[in-house]
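Trainee: Sequence:
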Amino acid sequence: MKKPIRIGTRGSKLALWQANHVAARLEQAGLPTEIVIITTRGDVVLDRSLDKIGAKGVFTEELEESLRTGHITIAVHSAKDVQSSIPADLELLAFMEREQVNDVIVSFNADLDLQRPDLVLGTSSTRRKAMLKRFLPHATTAEARGNLQTRLRKLEEGQYHALVLAYAGVHRMEYDGLIRYILPETQYIPATGQGSVAIESTRDLEPSLKAELKRILDHPDTHLALVAERAFLRTMEGGCSIPSFALATLTSEGHVHLHGGLISLDGQQFIDVKQTAPADDAEALGIRIAETVLARGGQQILHDIRQVRNAENVA
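Here the sequence shown is numbered in full-length UniProt numbering, starting from 1 and rising by one per residue.
Treat the hints with care, since some could be wrong.
To be verified - With a straight-line cut-off of 25 Å between C-alpha atoms, the simulated SDA-like cross-links for lysine to any residue are:
id	residue 1	residue 2
1	K133	G254
2	K2	S12
3	K210	A24
4	K214	I86
5	K214	E97
6	K13	P207
7	K2	E206
8	K274	N147
9	K274	T186
10	K133	N109
11	K13	G146
12	K154	L112
13	K210	Q187
14	K154	A110
15	K210	W17
16	K214	E283
17	K3	R25
18	K133	E97
19	K274	L224
20	K3	E62
21	K133	K2
22	K133	L112
23	K13	E206
Rather than coming from a laboratory, the hints here were simulated on the basis of the structure.
Modelling step: build the complete structure from the supplied sequences, incorporating the hints.
Mentor: So this is what it looks like as structure tokens:
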């Protein structure tokens, strides 16, 4: 009997949906699996925003340590939660086919009016907070940490009028009936990797097994898009704590089109760049767009954000 593929995952319902989705694909291909639940720092510390607890690896660090010890064979992450730089002994071997990338507004109120002057929107995303300040300046944003079910409970209790979430998670948890608005991805550009599931392993995983896992789980078009997006994020030296955004799509000619940028915390400064390049230039495209954003004022925005974070930490 084959040794089971031990799949490491966080314990939320959405994380388990992703892990079970991976397991089903592997089982269908004849590979036995076992799901291993691992608690991360991001699951434990819920009384502070992500940017205040050190967002780098906040949802992945413990899973990565389990890969190193051999406790798990692969780790399953939401691709948008994966830090910009992967440790040298690990690799992202697959990105699964991407779900619809949009941010959405969900509410129990079917007649939600986004123009109401006292509108309160719950979100834990620095990027979403900044974009809402730009595009819905009359709205107030409130911190909304915790898994999807916890956030919905807070919404039901009246802590917010609505939540701003990724469509992918809402759809996978079958809460589509609560979606009141789908925000256009051309305006509310999503986070790097939003909508995809990332598979991580150690670099020294047995080569034939690694190749088989990649063959079963990887979606080449999604992988190509995320190569560009993650090169952008890596060059920006950003993660969940900075309001950067990047969305790569494939053209009919098979080229990669990347829309990436950065927005200031108050939403007033918005720098975005769009370029297209051949598929084999995807990584260079991401780097090039990030360097352009930084040169056009992004470096100053990042400096200002660091100043704010340092002041908050001192306080």
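Trainee: With reference to the structure, classify each hint as holding or not holding.
Mentor: Taking the hints in turn, this is what the structure says about them:
no., hint, in the structure
1, K133 <-> G254, "36 Å, violated"
2, K2 <-> S12, "28 Å, violated"
3, K210 <-> A24, "17 Å, holds"
4, K214 <-> I86, "18 Å, holds"
5, K214 <-> E97, "12 Å, holds"
6, K13 <-> P207, "32 Å, violated"
7, K2 <-> E206, "14 Å, holds"
8, K274 <-> N147, "33 Å, violated"
9, K274 <-> T186, "11 Å, holds"
10, K133 <-> N109, "22 Å, holds"
11, K13 <-> G146, "11 Å, holds"
12, K154 <-> L112, "17 Å, holds"
13, K210 <-> Q187, "38 Å, violated"
14, K154 <-> A110, "17 Å, holds"
15, K210 <-> W17, "22 Å, holds"
16, K214 <-> E283, "19 Å, holds"
17, K3 <-> R25, "16 Å, holds"
18, K133 <-> E97, "31 Å, violated"
19, K274 <-> L224, "17 Å, holds"
20, K3 <-> E62, "23 Å, holds"
21, K133 <-> K2, "53 Å, violated"
22, K133 <-> L112, "18 Å, holds"
23, K13 <-> E206, "30 Å, violated"
The structure does not agree with the numbered hints 1, 2, 6, 8, 13, 18, 21, 23 stated previously, though it agrees with the rest.
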